[in-house]
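All chains should be modelled from the sequences, with the hints used to inform the complete structure.
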Amino acid sequence: MNIAVVVRQVPDLIEPLEIAPCGTAIDLDAASFILNESDDHALEQALLLKEAGGGTVTVVALDSGDVDNTLYTAAAKGADALIKISQQDHAPRSPRTAAARYAEAVKPLGADLVLVGVQAHDELDGALPPFLAAAMGLPYVGVIRGVRAATETGAVIVCKEFPGAVMAQVRVKLPAILGILGADQPPRYVPVSRIRAAMKSAQLSECEAAAPQREPLVSVVRLVPPAPAARAEMLSGSEAEVAARIADILSAKGLVK
Amino acid sequence: MSAQDVLVLAEIRGETLDAVTLELLAAARGLVSATGGNVGVIVLGRDGAGHASSMGAADRIIVFDDPQLSTYAPETYVAALGELLAAERPRALLIGATSIGWDVAPLVAARLDAPLVIGCIRIMDGEGDLRVTASFYGGKMLAECRVTGAPAILMVQPGSFRPASEPGKAEIEIRTLAAPLQPGAIAFEQWILPQAGDVDITQHDVLVAIGRGIQQKDNVELAESLAQALGGAVCASRPVVDQGWLPATRQVGKSGMTVKPKLYFALGISGAPEHQEGMKGADLVIAVNTDPKAPIFDVAHYGAELDILDLLPALTEAIEAKRG
Ligand SMILES: Cc1cc2nc3c(=O)[nH]c(=O)nc-3n(C[C@H](O)[C@H](O)[C@H](O)COP(=O)(O)OP(=O)(O)OC[C@H]3O[C@@H](n4cnc5c(N)ncnc54)[C@H](O)[C@@H]3O)c2cc1C
Ligand SMILES: Nc1ncnc2c1ncn2[C@@H]1O[C@H](COP(=O)(O)O)[C@@H](O)[C@H]1O
Numbered sequence: 011m012n013i014a015v016v017v018r019q020v021p022d023l024i025e026p027l028e029i030a031p032c033g034t035a036i037d038l039d040a041a042s043f044i045l046n047e048s049d050d051h052a053l054e055q056a057l058l059l060k061e062a063g064g065g066t067v068t069v070v071a072l073d074s075g076d077v078d079n080t081l082y083t084a085a086a087k088g089a090d091a092l093i094k095i096s097q098q099d100h101a102p103r104s105p106r107t108a109a110a111r112y113a114e115a116v117k118p119l120g121a122d123l124v125l126v127g128v129q130a131h132d133e134l135d136g137a138l139p140p141f142l143a144a145a146m147g148l149p150y151v152g153v154i155r156g157v158r159a160a161t162e163t164g165a166v167i168v169c170k171e172f173p174g175a176v177m178a179q180v181r182v183k184l185p186a187i188l189g190i191l192g193a194d195q196p197p198r199y200v201p202v203s204r205i206r207a208a209m210k211s212a213q214l215s216e217c218e219a220a221a222p223q224r225e226p227l228v229s230v231v232r233l234v235p236p237a238p239a240a241r242a243e244m245l246s247g248s249e250a251e252v253a254a255r256i257a258d259i260l261s262a263k264g265l266v267k
Numbered sequence: 009m010s011a012q013d014v015l016v017l018a019e020i021r022g023e024t025l026d027a028v029t030l031e032l033l034a035a036a037r038g039l040v041s042a043t044g045g046n047v048g049v050i051v052l053g054r055d056g057a058g059h060a061s062s063m064g065a066a067d068r069i070i071v072f073d074d075p076q077l078s079t080y081a082p083e084t085y086v087a088a089l090g091e092l093l094a095a096e097r098p099r100a101l102l103i104g105a106t107s108i109g110w111d112v113a114p115l116v117a118a119r120l121d122a123p124l125v126i127g128c129i130r131i132m133d134g135e136g137d138l139r140v141t142a143s144f145y146g147g148k149m150l151a152e153c154r155v156t157g158a159p160a161i162l163m164v165q166p167g168s169f170r171p172a173s174e175p176g177k178a179e180i181e182i183r184t185l186a187a188p189l190q191p192g193a194i195a196f197e198q199w200i201l202p203q204a205g206d207v208d209i210t211q212h213d214v215l216v217a218i219g220r221g222i223q224q225k226d227n228v229e230l231a232e233s234l235a236q237a238l239g240g241a242v243c244a245s246r247p248v249v250d251q252g253w254l255p256a257t258r259q260v261g262k263s264g265m266t267v268k269p270k271l272y273f274a275l276g277i278s279g280a281p282e283h284q285e286g287m288k289g290a291d292l293v294i295a296v297n298t299d300p301k302a303p304i305f306d307v308a309h310y311g312a313e314l315d316i317l318d319l320l321p322a323l324t325e326a327i328e329a330k331r332g
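Quick mapping for you: the protein sequence lines, in order, are chains A and B.
Counting from 1, position 157 in the first sequence corresponds to residue 167 in my numbering; the numbering is continuous, with no gaps.
Counting from 1, position 138 in the second sequence corresponds to residue 146 in my numbering; the numbering is continuous, with no gaps.
In case anyone wonders, no lab produced these hints; they're calculated from the structure.
Backbone N, C-alpha and C define an ideal beta-carbon position, used for all residues, glycine too.
None of the hints are false.
With a straight-line cut-off of 20 Å between C-alpha atoms, the simulated EDC-like cross-links for lysine to aspartate or glutamate are:
hint, chain 1, residue 1, chain 2, residue 2
1, B, 301, A, 243
2, A, 94, A, 73
3, B, 301, A, 22
4, A, 267, B, 232
5, A, 267, B, 325
6, B, 268, B, 306
Quick list of simulated restraints, FRET-style, between CB atoms:
hint, chain 1, residue 1, chain 2, residue 2, range
7, A, 120, B, 135, 47 to 57 Å
8, B, 175, A, 98, 57 to 67 Å
9, A, 118, B, 191, 23 to 33 Å
10, B, 226, A, 206, 23 to 33 Å
11, A, 203, B, 315, 25 to 35 Å
12, A, 164, B, 78, 23 to 33 Å
13, A, 261, B, 182, 56 to 66 Å
14, B, 315, A, 29, 22 to 32 Å
15, B, 191, A, 244, 54 to 64 Å
16, A, 29, B, 289, 24 to 34 Å
17, B, 207, A, 247, 30 to 40 Å
18, B, 289, A, 236, 13 to 23 Å
Given below as structure tokens:
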């Protein structure tokens with residue numbers, strides 16, 4: 011099975027988010043970027059499928075953030091080919107633009123299966139995987155945890171998550187795009203030495219996006235940090251002091267028996 | 009039918025109407041109360057009669073009782089919704105941010121080239137435009153948006169609106185699709201239920217929930233000790249389950265369990281909306297996180313800005329001392 015994996019960079023939420031002077035976007039210069047978590051699971055799922063049944067894994071990324079490192083890390087984990095989509099203009103403002111640009115690079119691969127993380131926390135007016143499916147004219151299903159090849163060729167069996175740890179088993183005829191939430195196994199770890207080696211040996215091909223910037227259909231008037239209706243009463247002090255306060259609170263409520 | 013009408017997609021799993029449907033109805037009612045127009049709720053793949061009385065906040069129940077829709081598949085749902093929206097031209101279609109919503113809302117928006125907002129928590133009329141507030145960046149930022157085109161596809165965060173519960177007598181309209189549905193590439197096969205035998209966290213009064221802040225598998229023991237001292241159970245956010253450190257039956261949130269314990273410790277959990285969905289109903293929430301801006305503190309009663317790896321042993325000791 012030949013698999014394309016689409017990955018994107020997102021601001022790391024470990025760092026505080028700053029609102030840009032325009033007031034309608036995050037200050038991306040102040041953010042540090044990481045691989046979107048569910049995309050990491052999409053990559054892992056692709057590598058697991060390849061290990062189980064052969065084929066190739068091609069990883070495709072728009073040029074933004076620290077994308078080279080992400081791509082070489084994917085190669086170190088076992089990806090066969092890397093494609094970086096460069097963009098003349100700024101990073102796309104709309105996931106529709108991003109989807110059109112990814113589609114240009116992914117379509118010629120003729121992949122049997124395209125895997126993308128189901129969600130990225132910076133998407134507001136769109137979700138890349140179903141938009142990509144629409145741009146490529148392929149069927150889509152998302153919120154997937156786990157993919158395996160079906161006994162017949164040209165199909166996969168996936169688990170779609172529902173509330174209460176219930177899953178729906180779903181059969182998907184290929185080619186198709188899947189929105190991955192979790193892989194069958196946690197994403198593998200690669201040591202930095204292997205990533206460095208991949209930087210020397212792996213081929214990174216570049217292509218240029220042609221799709222024009224689409225005007226967003228939704229305009230952000232302003233960004234605000236959430237103003238909670240009620241915020242927690244903060245307990246301060248050392249670990250021992252806070253522990254004692256919590257024990258008192260629980261004891262007063264009859265929760266320590 | 010008017011350009012102010014608002015449609016809502018109902019979700020019925022098995023025999024149960026998903027609570028989010030009533031929340032969507034409340035959001036839709038709020039919007040049409042300002043502008044006029046009807047609220048219609050769309051039921052796919054069944055006759056809807058069994059739930060008609062609970063969906064009384066709607067003016068109309070639009071039913072597509074097509075056998076092709078009796079099990080969920082994105083292609084048939086999107087085809088049915090696409091045809092309905094083209095005929096009705098409503099102002100907005102409200103869909104819950106559920107497993108089905110995450111497929112269908114963007115696919116419908118892409119098909120119609122319609123505006124889409126995900127993570128909606130407030131929806132208002134603003135001089136003819138829709139004013140929508142949506143949560144993103146894991147609940148750490150809100151965007152106030154203006155949406156002009158119609159129909160606006162709004163994916164609503166569960167738990168954001170008080171469910172509409174007025175009893176009513178919405179008219180059921182049975183519709184058939186002009187274009188017969190074709191089975192697509194995606195076919196439901198069967199439900200896989202969680203394996204029985206593990207702890208049922210929905211039955212516990214005290215839950216010690218751990219998130220990515222627990223850092224490694226060996227540290228889960230620290231939470232087990234606290235749970236033991238309190239006679240409770242350990243549960244977790246998604247990343248802990250993804251790592252295989254706890255079974256899926258211990259996950260709290262959108263795709264995990266919904267819990268309502270007397271006490272919920274949220275330890276090293278940021279409080280993303282998908283996690284909050286499962287634990288908002290707890291009587292008492294105590295959150296501990298090294299990040300004072302973590303959204304979990306917005307739903308907690310008490311909080312502490314501490315390292316859980318330091319606090320956990322101290323807390324277990326303090327509880328044990330109280331028990332004597
Ligand atoms: C369709 C869908 C369904 C989902 N379903 C669920 C679900 O059912 N349940 C769920 O939980 N999530 C679910 N998610 C994922 C959700 O969006 C979040 O990614 C997840 O809840 C984050 O888990 P976390 O808080 O443990 O991790 P993070 O967001 O990474 O937060 C870790 C927190 O720990 C803090 N921390 C780190 N080290 C320490 C320390 N030593 N001491 C104290 N604090 C520390 C950090 O400050 C941070 O706030 C779902 C997502 C999607 C898209
Ligand atoms: N999300 C779900 N979780 C658990 N059980 C379900 C779910 N959806 C459907 N079921 C059950 O699966 C069976 C078939 O459901 P359906 O095909 O939706 O009518 C019924 O017994 C339902 O109760």
